[in-house]
Structures are given as structure tokens and as C-alpha cells.
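Listed in order, the protein sequences are those of chains A and B. The opening position of the first sequence corresponds to residue 1 in UniProt numbering, with each subsequent residue numbered one higher. The opening position of the second sequence corresponds to residue 1 in UniProt numbering, with each subsequent residue numbered one higher.
One thing to keep in mind: the hints can contain errors.
Coverage of chain A stretches by chain B, computed from C-beta distances (three or more under 8 Å per stretch; other residues unrestricted) [unchecked claim]:
| hint | stretch |
| --- | --- |
| 1 | 152–163 |
| 2 | 309–322 |
Below, computed lysine to aspartate or glutamate pairings styled on EDC-like, alpha-carbon distance capped at 20 Å [to be verified]:
| hint | chain 1 | residue 1 | chain 2 | residue 2 |
| --- | --- | --- | --- | --- |
| 3 | A | 390 | A | 195 |
| 4 | A | 127 | B | 149 |
| 5 | B | 156 | A | 129 |
| 6 | A | 131 | A | 167 |
| 7 | B | 226 | B | 236 |
| 8 | A | 125 | A | 195 |
| 9 | A | 291 | A | 186 |
| 10 | B | 273 | B | 137 |
| 11 | A | 125 | B | 149 |
| 12 | A | 131 | B | 149 |
| 13 | A | 131 | B | 146 |
| 14 | B | 191 | B | 146 |
| 15 | A | 131 | B | 137 |
| 16 | B | 156 | A | 302 |
| 17 | A | 125 | A | 189 |
| 18 | A | 388 | A | 358 |
| 19 | B | 156 | A | 159 |
| 20 | B | 156 | A | 133 |
| 21 | B | 156 | A | 168 |
Hints listed in this document are in silico derivations from the structure and should not be mistaken for laboratory results. C-beta: ideal position from N, C-alpha, C; glycine also.
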Amino acid sequence: MASRWADTEADAAEALRKKKEKEEKKRLKLRKQQAEEAAAQAALEAEARPSKRRRLSSGDDEAAEAAPSKEKEAERNLLRFEAGGWAPCRHTSNFETLNHIEEGSYGWVSRARELSTGEVVALKKVKMDLKQDGFPTTALREIALLQRARHPNIVSLHEVLSGSSPDEVVLVMEFVEHDLKTLQEDMPEPFLASEVKTLLKQLVGAVSFLHSNAILHRDLKTSNILLSNRGHLKIADFGMARYIPPPNAPLTQLVVTLWYRAPELLLGAEDYGAEIDMWSFGCIFGELLSKSPILQGKNEVDELSLIFALCGLPSEKSWPGFYRLPNARSLKIPRDTGARAAGQIRAKFPFLTNAGAELLSSLLSLNPEHRPTAEEVVNHSYFKEAPKPKPMEMFPTFPSKAGQEKRRRRASPNAPKRGDGHGVQNVDFSSIFASRDDEETGGGFQLKMV
Amino acid sequence: MQPSPLANPLATVAQLEESGSRLDGIPADLENSIRFAGARLTQAAGILLRLPQEVIAQAIVVFMRFWVGPEGGSLAEFGARQVSAASMYLTTKLSAYPKSPRSIVNVYTYLDSLPSTYTEPESLQDTSKADAYYVSEGTYQARRMELFETEQRVLKTLGFQVQVVLPYTLCITYLQALDAFSHPRATELAKRAFAHLNTALLSPQLLYLTHQPPSLATAAIYLAAKEVGIKLPAVEWWEVFDTDREELGFLVVGMLSVENFVEEERARWQKNKVPMTVEELEAAMQTSSNGTE
Ligand SMILES: Nc1ncnc2c1ncn2[C@@H]1O[C@H](COP(=O)(O)OP(=O)(O)OP(=O)(O)O)[C@@H](O)[C@H]1O
Ligand SMILES: [Mg+2]
Numbered sequence: 001m002a003s004r005w006a007d008t009e010a011d012a013a014e015a016l017r018k019k020k021e022k023e024e025k026k027r028l029k030l031r032k033q034q035a036e037e038a039a040a041q042a043a044l045e046a047e048a049r050p051s052k053r054r055r056l057s058s059g060d061d062e063a064a065e066a067a068p069s070k071e072k073e074a075e076r077n078l079l080r081f082e083a084g085g086w087a088p089c090r091h092t093s094n095f096e097t098l099n100h101i102e103e104g105s106y107g108w109v110s111r112a113r114e115l116s117t118g119e120v121v122a123l124k125k126v127k128m129d130l131k132q133d134g135f136p137t138t139a140l141r142e143i144a145l146l147q148r149a150r151h152p153n154i155v156s157l158h159e160v161l162s163g164s165s166p167d168e169v170v171l172v173m174e175f176v177e178h179d180l181k182t183l184q185e186d187m188p189e190p191f192l193a194s195e196v197k198t199l200l201k202q203l204v205g206a207v208s209f210l211h212s213n214a215i216l217h218r219d220l221k222t223s224n225i226l227l228s229n230r231g232h233l234k235i236a237d238f239g240m241a242r243y244i245p246p247p248n249a250p251l252t253q254l255v256v257t258l259w260y261r262a263p264e265l266l267l268g269a270e271d272y273g274a275e276i277d278m279w280s281f282g283c284i285f286g287e288l289l290s291k292s293p294i295l296q297g298k299n300e301v302d303e304l305s306l307i308f309a310l311c312g313l314p315s316e317k318s319w320p321g322f323y324r325l326p327n328a329r330s331l332k333i334p335r336d337t338g339a340r341a342a343g344q345i346r347a348k349f350p351f352l353t354n355a356g357a358e359l360l361s362s363l364l365s366l367n368p369e370h371r372p373t374a375e376e377v378v379n380h381s382y383f384k385e386a387p388k389p390k391p392m393e394m395f396p397t398f399p400s401k402a403g404q405e406k407r408r409r410r411a412s413p414n415a416p417k418r419g420d421g422h423g424v425q426n427v428d429f430s431s432i433f434a435s436r437d438d439e440e441t442g443g444g445f446q447l448k449m450v
Numbered sequence: 001m002q003p004s005p006l007a008n009p010l011a012t013v014a015q016l017e018e019s020g021s022r023l024d025g026i027p028a029d030l031e032n033s034i035r036f037a038g039a040r041l042t043q044a045a046g047i048l049l050r051l052p053q054e055v056i057a058q059a060i061v062v063f064m065r066f067w068v069g070p071e072g073g074s075l076a077e078f079g080a081r082q083v084s085a086a087s088m089y090l091t092t093k094l095s096a097y098p099k100s101p102r103s104i105v106n107v108y109t110y111l112d113s114l115p116s117t118y119t120e121p122e123s124l125q126d127t128s129k130a131d132a133y134y135v136s137e138g139t140y141q142a143r144r145m146e147l148f149e150t151e152q153r154v155l156k157t158l159g160f161q162v163q164v165v166l167p168y169t170l171c172i173t174y175l176q177a178l179d180a181f182s183h184p185r186a187t188e189l190a191k192r193a194f195a196h197l198n199t200a201l202l203s204p205q206l207l208y209l210t211h212q213p214p215s216l217a218t219a220a221i222y223l224a225a226k227e228v229g230i231k232l233p234a235v236e237w238w239e240v241f242d243t244d245r246e247e248l249g250f251l252v253v254g255m256l257s258v259e260n261f262v263e264e265e266r267a268r269w270q271k272n273k274v275p276m277t278v279e280e281l282e283a284a285m286q287t288s289s290n291g292t293e
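Can you make the complete structure from the sequences, with help from the hints?
What follows is the structure in C-alpha cells.
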């Protein structure tokens, strides 16, 4: 089947680019070989003399002891498990920037090349405000969690670099050509049903891995999901992620970008769990089917209204805990719901099979307890029925924006952030959502669905 | 290579053979003394900060990692106290129990005010107000800046490898697998095993930097069972837990030798203070070189 994604002109451009890339790779391979040889030589020489410190040391190095004997090393190696070690951060000058990809809310991301190996990578610079709490906790968590969360469908973190100024810290990640948001914006038509399935399968596999390792992502959305030219999906952006804390430790509700935020968070729940990621997963499911975000609320109250309109109204029966949530009391919700309580998911996605619709509806259950776990989704019949997930190697390729010039700034909301003063100032939500710091945009009205 | 999520990064042979401090001319035994005192300081600070032992243990391992290898931190440049405080601070950030710079500074200043390094542990227990210990505003600002700068240096020296997998949970799992909990003295057994895991944190042989959690847990159980007098299976059960006889033997000896080491250190320093800052170390090296010549 001919690619539906790019016209012939773009195809030609793509072919040319690929050819160039090939030549470039050949050249770099040669350079890499040379570099490796040089490195091996240097290592040999280094072994023959006592180790020296990299930094300028004041003492004399002559006292340094002889190099470790080979026998000892072999003997010790027997005792070792497969695991890495550590070494000081390398300097950013080992990489050259090729182009900027995206300016995020907490750092910027660019495409770069490692000089010695020619490998193309993505660099994400950490935005620092050292005066407040030292090294930013979000970045520290992101790094620590990425180090732990090694999975084929999670972007891999290679190393962390430091620059010349003390507040320059850069994450080196594998480069992935697309993110699902930018990609969808450029696609003339939505993904095919079989393609959606391939994407969701990979996504839920990674989410299941995270949850079984007690990690919540807390910001799943299409712009944080990367897709390679070979149809390989990878979750990125662990800036909001954290380990599931011990019971009773209060969690901030300032998580998850508005359009993907679960109703219990909007209603102020403090002890939420993995279900919030499953809600976001449901939003992504719907978005992949319709090619645009399905719940584009202007503010939190608006988001809730859209949710109730799509998924039905909460009732004491469907969600017993609902009225006990901090922000629920101030909502006016008609109790004699009748037909409206049912929601419209089936009607909104007419092309979905019954199994698909059942899965999507269950993911978008208002009551978090009714949402399936990632593990359950993995085994859902939706993935087994026709059409079968499209094999990854059959996935269409698309011209990569990230691989070329600077990208537009996107016009969707960002992950929430405490106390960042930019954008629209606070609007009076105090009666309903008193604890929110920012990002509300609409006027101070009350939710009424009568 | 894909590191297992249950494995820790370990020190390389080259890192164990050399250290920044020794390259700067600090004698190995003095370095050992200071590193040990620093690990104990971290433990004490953690208790005063009311942190769970898991968080304290992680901070100690980070502290220990910082000093190894020719590219590791040097005591000529960083005091053990400031590195201990920074390790503690950044470890709590990653935990469910973050601590403010204020609490960290207060607690470390309080501990600094104690007359000798090897204070009786009881005197620590009744200091519930240590994290409100009075620190002048000037000192606080200076210490806070030092804390942030040292935090950065620790992170960069370790290439941000500050995650630590601990053997405590594994230890329980292994005891269950060995069916040890059916034994009447099971609690005692588990307590002893945990005590060995805690002691091993302070080991001058850096056991947590050279061995993976399964082996540490296995050795602790082996020792504890011997001490409590509980018979474990006659077969080589440790192999089930990824530990061979040689490694088990090494770890058992290593864990047992910490006690001796502690005694030696107490005897060596008596009522004195182990130098925990760069200035104190310089002064100590000055006196000792005057003394010998
Ligand atoms: N490894 C990567 N390879 C290619 N592009 C990437 C990679 N990581 C991130 N990007 C691009 O950069 C964008 C921003 O990255 P990321 O979400 O990690 O940063 P952020 O600052 O947290 O962003 P935001 O706050 O906007 O969510 C992504 O949407 C994606 O387009
Ligand atoms: Mg993002």
C-alpha cells in the first residue's frame, strides 16, 4: 500500500535525506573506528602508568600506587553481577547541537551528535533555579526514574552531562524522530485502527511495567510519547513521575496536563494512584482515534463539564466516594440523572468495535476503581480481535520534524507547575478549587449541568 | 548493557585501588577513619531527622560512593560533614520524606557541637529538638549555599548515579523462602540479620559498593543464623540467592571485621574529634607531621 502520509514530493525529499544520511553514517563509522582505536591505545598506555586525577591536584602524584594487576581484576570480575558503575559527568563539549526540537516548560530539547562516535542523540537541558532548593527535585526524580525504568518502550537515558557553568546539566537520551502530538497534527488523516492498536499495545506495555515497579508517570499525553520511524513507541518526559509513596503520604494534585487529568484529581483527591495514568491512557486512546485531544477543557471546571458530558454524570451508585472528595461538595450536580448518566462514548466513536468501545469506556470510568489496570488492558480482547495490530515494520514512515528545523511552540496546555507566574493570572475559583496555583483561564463560574 | 533494576552500580577495581584523597597525599588510614566517622555521622543525622533506615542507608551509600576512585572527591577539597549533609539532602529529595535545607543545617550543626566523635549513642536519643537547633542567620546562609554547591558536586562526581537498591526487603523474602519464620526465634534471627546489614554500611571494605543486594542479604542471614543457633538447610542454599561460596565467605568475614574496626577507631580517637572539615583535616595533618619529625 502506498504511503498515505506524504505526497511524492515529500517522498523524494525523504529519499534524498536518507541517502545523505547513509553517506554520513559511513563517514562517521570510519571516524568511530578511528576513535575507538585511539581510545584503546590510550587505555593501554594508561594502564602502564599510575592513574592521574583529572582535576588539578595540589599534591604530588608520585605517591600513587602501581596499576592494578591483571590477575586481581580477573578474579574480582568473577564476583560481579551485570550492572554498571559510575563516573563523573562528561562535559557538554563532547556533543555538537544539530537543531533544537522543542522548548518545554522545564527545559529545552535538541538533537545533537556525539563527536567521538557520531551517534545522534537528544539532549534535554535541565532548567535550574539553584537558589531555592538546590538541584531541582523534579529533574533529580526524572533522572533517577529513567535510570531505573529500562524498558523497550521507555526512552533510554544514556548519561548526564555537565557544562562549563555550574547550573548547566543536560540529559543525553536516545533520539526518537517523532512525538505523537506533533505527528498527528501533520497527518492528513487519523491512524488506521490496526495502527492505533500497535501504538496502544506498546504504550500499555510500558505503563504496566512502570506500575508494576511502583512508578506513576503522572503526565501521560501525546506530546510525551515518542514514535520512531520504525513504528517503535517510547514514553518520555518523567518530569512529573514518582514512586508510589507509602500509604497516607499526601500527594500533590498539581499533576497531569489538564486535558489528560483524571476526575478524581480535578476534584481534589489526595490519595490517588495508578488509575490516574489509566485515565490519561484512555484520553490518548480517544485522541489516536480522532486525531485530536478529546477533552480540551479551558480550565478545570470546564474540563470537568466536558468529562461529565462525555462519560456521564457521577452518582452515589456509580461512584460512592464522589461526594466525599474535597471539591465535589461545591459542585451542583443534578441527582435525577436518568439518561444523561450514561455518557456518549459509544456514539462519539462509531467506528470502534464493541470490544474497543468497552475498553475505552472502562478506561474513562469516572470512578477510578472501575478503570482496568494496565495489566488488564494488556490482556484485553480488543488487542486480539480483528483488525490485528499492524506489525511495526509495516508502519508508515513520516518526515521527522524533530530531525530537521525548529519546531513551533505548541498551543496546548503544559504540565502543571507550582508557582510559575507566567500566563493568565489567577481567576477566582476560590470557592471551588481553592488550592490551585495557576493555569486556570476561564471566568469564575460554577459547574451547572441542568 | 541493560542494568537490572535490582542491581546497584558497583565500584570498579580501578576505583577501589585509588582515591582522590590519597592522590592528594592523605594517608589511607586517616581516610578510612574519616570515611567511617562520616558514615556514622550520616546515620546519626538520619536518626535526628526521624528518617526511616532505608533512606539513611541510601544516604550512606551515596556518601561512600563519592570518595572512591582517582576521579572521586578528595578530603583535601571537601569535608566529610558537608558531603554527608549533601548526600542526606539529595537522598531525602528522592524519598517520600524530603527535608528542608533548614532542618539539614540545624541537625548537622547540632552534631558538630558535640564534644567528641564517639559520643555514647544514648546521648543522641534525647535530642528531640536537634532539627530546631539554633543557628545564626549568617551561618545558616553560608551552610545552605555550601549544601547546594556540595550537592551539585556529589551529583556530578557520581554521574548522577545516586539510586541505591537496598538488601532489607530481599532479606525478608529470603528468610521466607528458607521457611525461617516458622522458627520460634525467627524475630531474633531477622533482627540480627538486619543489624549485620546496618553494620555493613559502615564497613571500611565498602561492602555496599562492591557487592549486590542479594549477596549482602544472604551473608547477613548466614551470619545471623549462626549466632542465633538456627539450622538452615544443609545444602548450599546461598546459591539459590545468586551467591557463591567464595563471595559468601568474603562477605561474612567483612561483616564480622567491622566490629573490630569500630573498636580500633574508638581507641584511636578516644575523646577527640575526627576531622570532618577541610580545615580540621589540614590542622590534624599539620600536628601529626610535627609530631613525627
Ligand atoms: N528523546 C527524544 N527524542 C526526540 N525528541 C524528543 C525526545 N525527548 C523529547 N523530545 C521532544 O521534546 C519535547 C519536550 O520534551 P519533554 O516532554 O521531555 O520536555 P518537557 O520540558 O518536560 O516538556 P513539557 O513541559 O512541554 O512537557 C517532546 O514533546 C518531544 O517532541
Ligand atoms: Mg513534555
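Subject >> Given hint residue 186/A paired with residue 291/A - CA-CA distance at most 20 Å >> reply: OK: residue 291/A and residue 186/A at ~10 Å, within 20 Å.
Exercise. Between residue 125/A and residue 189/A, is the straight-line Cα distance small enough, at 20 Å or below?
Worked result: Given pair residue 125/A, residue 189/A is violated - Cα atoms ~34 Å apart, limit 20 Å.
**OP:** Starting from residue 390/A, check that the Cα of residue 195/A is at most 20 Å away, please.
**Re:** With Cα atoms ~5 Å apart, residue 390/A and residue 195/A stay inside 20 Å; holds.
* Within a Cα-Cα threshold of 20 Å, do residue 156/B and residue 129/A meet the stated pairing? -> 17 Å, holds
Take the C-alpha atoms of residue 156/B and residue 159/A, compute the straight-line distance between them, and say whether it is at most 20 Å. 11 Å, holds
- For the stretch 309–322 of chain A, do three or more residues have a beta carbon lying closer than 8 Å to a beta carbon of chain B? violated (count 0)
- Task: Mind checking the alpha carbons of residue 125/A and residue 149/B for me, to see if they're no more than 20 Å apart?
- Result: Measuring from Cα to Cα gives roughly 19 Å; hence the hint holds.
- Given the hinted pair residue 127/A and residue 149/B, is their alpha-carbon gap at most 20 Å? The hint holds at about 16 Å.
message: Run the distance test for residue 156/B versus residue 168/A: straight-line Cα separation, threshold 20 Å.
response: Cα-Cα ~11 Å, so holds.
For this session: Starting from residue 156/B, check that the Cα of residue 302/A is at most 20 Å away, please.
Result: 44 Å, violated
Exercise. Taken at face value, is the distance from the CA of residue 146/B to the CA of residue 191/B at most 20 Å?
Worked result: 38 Å, violated
Discussion item. Run the distance test for residue 131/A versus residue 149/B: straight-line Cα separation, threshold 20 Å.
Written reply: 10 Å, holds
Violated hints for the displayed structure, listed by number in ascending order: 2, 8, 10, 14, 16 and 17.
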